[in-house]
Amino acid sequence: QKEVEQDPGPLSVPEGAIVSLNCTYSNSAFQYFMWYRQYSRKGPELLMYTYSSGNKEDGRFTAQVDKSSKYISLFIRDSQPSDSATYLCAIDGDSSYKLIFGSGTRLLVRP
Amino acid sequence: EADIYQTPRYLVIGTGKKITLECSQTMGHDKMYWYQQDPGMELHLIHYSYGVNSTEKGDLSSESTVSRIRTEHFPLTLESARPSHTSQYLCASGPRTGRMETQYFGPGTRLLVL
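Residue numbers (my numbering), protein chains in the order written: chain A, 1 to 111; chain B, 1001 to 1114.
Bear in mind the hints are in silico, worked out from the structure with no lab data behind them. It should be emphasised that the depicted structure is a prediction, and the values quoted were computed from it without experimental measurement. Possibly wrong hints are sitting among the right ones.
[Unchecked claim] Calculated pairs, DSSO-like style, for lysine-lysine (alpha carbon to alpha carbon, straight line, at most 30 angstroms):
1) A:Lys70 to B:Lys1031
2) A:Lys98 to B:Lys1057
3) A:Lys42 to B:Lys1018
4) B:Lys1031 to A:Lys67
5) A:Lys67 to B:Lys1018
6) A:Lys2 to B:Lys1017
7) B:Lys1031 to A:Lys56
8) A:Lys98 to B:Lys1031
9) A:Lys2 to B:Lys1018
10) B:Lys1018 to A:Lys98
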């Protein structure tokens, strides 16, 4: 079983829709959870991070962690065509160097 | 935006050639990483470094080698390129301090070996 599972998509939504992107993880000891956004032919960029359980909001983006279910989510409100990208969840594996990345979900927001 | 640079951005080269992919960061980060990513596929860690004179192999076996002589510089070398090395190579860096592992990525080098 992979340590982090993420649906690869693609996910296609109309402009203005609410988007929900999700990952599940296997190790209940994980504490730090991140979302990266990767535009085509670019490197990933850190979008948001959360510590332990709860929600964190930044503009149209909300990151949510449910440690009881080992489930992390990224919600995008009022989605825009410029949000079209691949979104990768990442978890700090509590070792000195390693981030555990999901495989990424491709999102397409149609005008 | 993170100050991490990769050159070249694109490289087309013949089989058997030696190549070096450059990665530099101006943030003074101790940790640096190389990932390999095929189009539409997940990231695979191939090398990392905790600091000067420190290099380790990552999760994915790779025929490439790395060096870390200076904090800001982490080049990756392929002694003899093969078509199977065709991929995107992403460099990242992150600070040693802090409770959370954070990595900042460069723009990537897209390599095509003919």
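### Message
I'd like to know which numbered hints this structure contradicts. Please list them from smallest to largest.
### Response
Structure breaks hints 5, 6, 9.
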